[in-house]
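Number of protein chains: 2
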Amino acid sequence: MPRDGTATRNRILDSAERLVLEHGFGATSVDAVIAASKSSKGAFFHHFSSKDDLGRALVARYAAADIAHLEQYMARAEAESDDPARQVVAFVRLFEEDADDIVAAQPSCLYVSFINERQLDPEGAAEPIVAAILAWRERLLELLRAAGERSALPPDLDLEALADHVFVTFEGAFILARSLQDGAHMRRQLRLVRMLLEQVLAVRAEA
Amino acid sequence: MPRDGTATRNRILDSAERLVLEHGFGATSVDAVIAASKSSKGAFFHHFSSKDDLGRALVARYAAADIAHLEQYMARAEAESDDPARQVVAFVRLFEEDADDIVAAQPSCLYVSFINERQLDPEGAAEPIVAAILAWRERLLELLRAAGERSALPPDLDLEALADHVFVTFEGAFILARSLQDGAHMRRQLRLVRMLLEQVLAVRAEA
DNA sequence: CGGGAAACAGACTGTATGGTCTGGTTGGTA
DNA sequence: TACCAACCAGACCATACAGTCTGTTTCCCG
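In order, the protein sequence lines correspond to chains D and B. According to our numbering, the first sequence is numbered sequentially starting from 1. According to our numbering, the second sequence is numbered sequentially starting from 1.
By construction, these hints were calculated from the structure, which means they are not laboratory data. Just so you know, not all the hints are guaranteed correct.
Identical chains share a label here; the pair holds if one copy fits it or two copies do between them.
Result set (DMTMM-like, lysine to aspartate or glutamate): computed pairs, CA atoms no more than 25 Å apart in a straight line [stated by the list, open to error]: (1) Lys51 - Glu22; (2) Lys51 - Asp31; (3) Lys38 - Glu78.
Let the sequences and hints guide you as you build the complete structure.
Structural data, given as structure tokens:
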């Protein structure tokens, strides 16, 4: 039953994302994607010109969703307080609260699958990933800089590295949780980073 | 020219490690390994019963070297001071000092290639990885516990998570550095973690 | 209501890849 | 020296895979 436009395409993308998160991109065959999405060879290559094309679409969609999450959580964090330091802490805390759901829905992060297997065109596919990483850095860096203007922070503190450290913790925690087969590590690592942020930004926990 | 025993095997392992670190395990063909190691099909399958067998050997060797590094740096850190808090900080600082060399020698961490592509027997191959992660945790945890006995630490501080956070930072920083194609991020992330540790463990920087 | 294009289904193909097989070379040993 | 086993070389094989081709159904538009 044709005539739906993007419905089949999205089914393929959904199935492919699940499989790639589970087994990696290289270990995911298009036949497996076709079977999982209950489509066909014809449908697949109608919507995607090649497997690499699917990979690019996958990364683009994932990165877009990632940035959407960033903005969404950032908005919620900014609504909690006027103090940028508290906003940063709240931002991490919100992810901490949802950590179990996040890690249950995704056993890994799509980025690593494509960063570590660059058989796809080196520049093209990594571009949305770089954009997403920079978006996270910039959004957090604004808040950290603002926090530094309000109250004194350690003078040799690398604010850019601190901003990146949230992403670093996410990726590292995904690997830790997957290696030890215990999703609780995501929550614990985020909680730790939140507490370290509270200390370095001198944010007192409220009742 | 036969008659060397493990020389060929090690050449294969070295070449395979480089290729897998660069392209991932699934994207590395045994033909490519054979070509890179200047050996032959016969030699390869004489030393390894299958590609997965190579993978297991690769992980085992890598994890063993990883634990060796852990012990080596730990010994150097423990030689610097009697204060366990300072030892933890020194441990991270030593890696920080060598960060550029580490990331130059290895564009990534072997663990992620095998954690994210588990087409190899789920338990068998991951075992040395788990062992290495737990070794890092335990060694750091001893020091952190000892530090907690000497001076008061924040009561709700998750010491196990803090111990794991060093591994988490390593893995996350590898991904960040590779994504942004800038190896300096490893050093910066380690430096940041060292500073955060200094704060939470109340270790004053010395002249 | 007729044609054209988008949306599919599935048989088919060329090749890269993991793995096998036969044979040959070297070195230790009886 | 004869022999055996470890070590290796490379042709060969089976298949799994990405990608193609032909045909069919559905919808939209004139």
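Status of the hints after comparison with the structure:
1. Lys51 - Glu22: both (17 Å within a copy, 20 Å between copies)
2. Lys51 - Asp31: both (11 Å within a copy, 22 Å between copies)
3. Lys38 - Glu78: neither (43 Å within a copy, 59 Å between copies)
Checked against the numbered hints given earlier, the structure breaks only hint 3 and satisfies all the rest.
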